[in-house]
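Peer 1: Under our numbering, think of the first position of the sequence shown as 279, with each following residue one higher.
Wrong hints could be hidden among the right ones.
The calculated SDA-like cross-link candidates involving lysine to any residue, where the alpha carbons are at most 20 Å apart (straight line), are [as the list claims (entries may be wrong)]:
hint: 1; residue 1: K326; residue 2: I310
hint: 2; residue 1: K332; residue 2: K472
hint: 3; residue 1: K400; residue 2: Y418
hint: 4; residue 1: K473; residue 2: I335
hint: 5; residue 1: K465; residue 2: H449
hint: 6; residue 1: K465; residue 2: D434
hint: 7; residue 1: K417; residue 2: S450
hint: 8; residue 1: K388; residue 2: K417
hint: 9; residue 1: K400; residue 2: V446
hint: 10; residue 1: K328; residue 2: L355
Hints listed in this document are in silico derivations from the structure and should not be mistaken for laboratory results.
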Amino acid sequence: MIFNNGQYTIARRRVRNARISVNHELQVKIVIPLWYKETDLQQLIAEKQKWIEKQLIHFTLAKKDIPQLGMGEILYLGEGINPGFDVTDTLQLHHWYQTVAQEIFGVRIKALAAEYGFRFSKLTLRNQKTRWGSCSKKKYISLNWKLIKAPLAVIDYVILHELTHTQVFDHSKSFWLKLEQVCPDYKQAVQWLKKYGRYL
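Generate coordinates for the entire structure from the input sequences, incorporating the hints supplied.
Peer 2: See below:
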């Protein structure tokens, strides 16, 4: 059973323990066991109130740093632009994003590979939920097309991260040392993705 009390979305589930989550859309979701009483719920909320408020403040401040989009605008390379079509048409919007991502990512990966002496076999675009990119042992590189919404420096970091995997397949110390050689500011890009990636 799920209901919304105006502030929180509360769901009763066959779980042992209650849990609370706050997301970047400022939604507070509470999952409680079936046996929970109203007094148990109110006690849980009271105990977690400060933590909930802290998370809401965190996401509110982070959201302010993302470009505020006007009517008909979308996020592209870290900026708000008007693509010239109805952005509420999800199919057309995703097609446009994937088309420009294929073009820009293709240009950037070839340029960066040539500049730093990497070799890759193939580039594909995917709609991964938890990853920005991947590299197989056959040097097939996949990138998340939603990265096209991020600044170019962040896109270049992800590309260089995966290109580095064509030489060092794990995340050992040698990998990070190699990545730092080709992308000295990679830590800033990592922090950007951690902070704003969920908004893409």
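Peer 1: Now tell me if each hint is right for this structure.
Peer 2: Checked hints:
With a C-alpha separation of about 14 Å, the suggested pair K326 and I310 falls inside the 20 Å cut-off, and the hint holds. A hinted pair counts as satisfied when its Cα atoms are at most 20 Å apart, and K332 with K472 qualifies at roughly 17 Å. In summary, the hint linking K400 to Y418 is supported, as the alpha carbons are separated by about 5 Å, within the 20 Å threshold. For the suggested pair K473 and I335, the alpha carbons sit about 13 Å apart, so the restraint of at most 20 Å is met.
Between the alpha carbons of K465 and H449 the distance comes to roughly 14 Å, so the proposed pair stays at or under 20 Å and holds. In summary, the hint linking K465 to D434 is supported, as the alpha carbons are separated by about 13 Å, within the 20 Å threshold. For the given pair, K417 sits about 18 Å from S450 by alpha-carbon distance, which is consistent with the 20 Å threshold. With a C-alpha separation of about 14 Å, the suggested pair K388 and K417 falls inside the 20 Å cut-off, and the hint holds.
Under the criterion of a C-alpha separation no larger than 20 Å, the hint pairing K400 with V446 is consistent with the structure, at around 17 Å. Of the supplied pair hints, the one linking K328 and L355 is violated, its CA atoms being roughly 36 Å apart against a limit of 20 Å.
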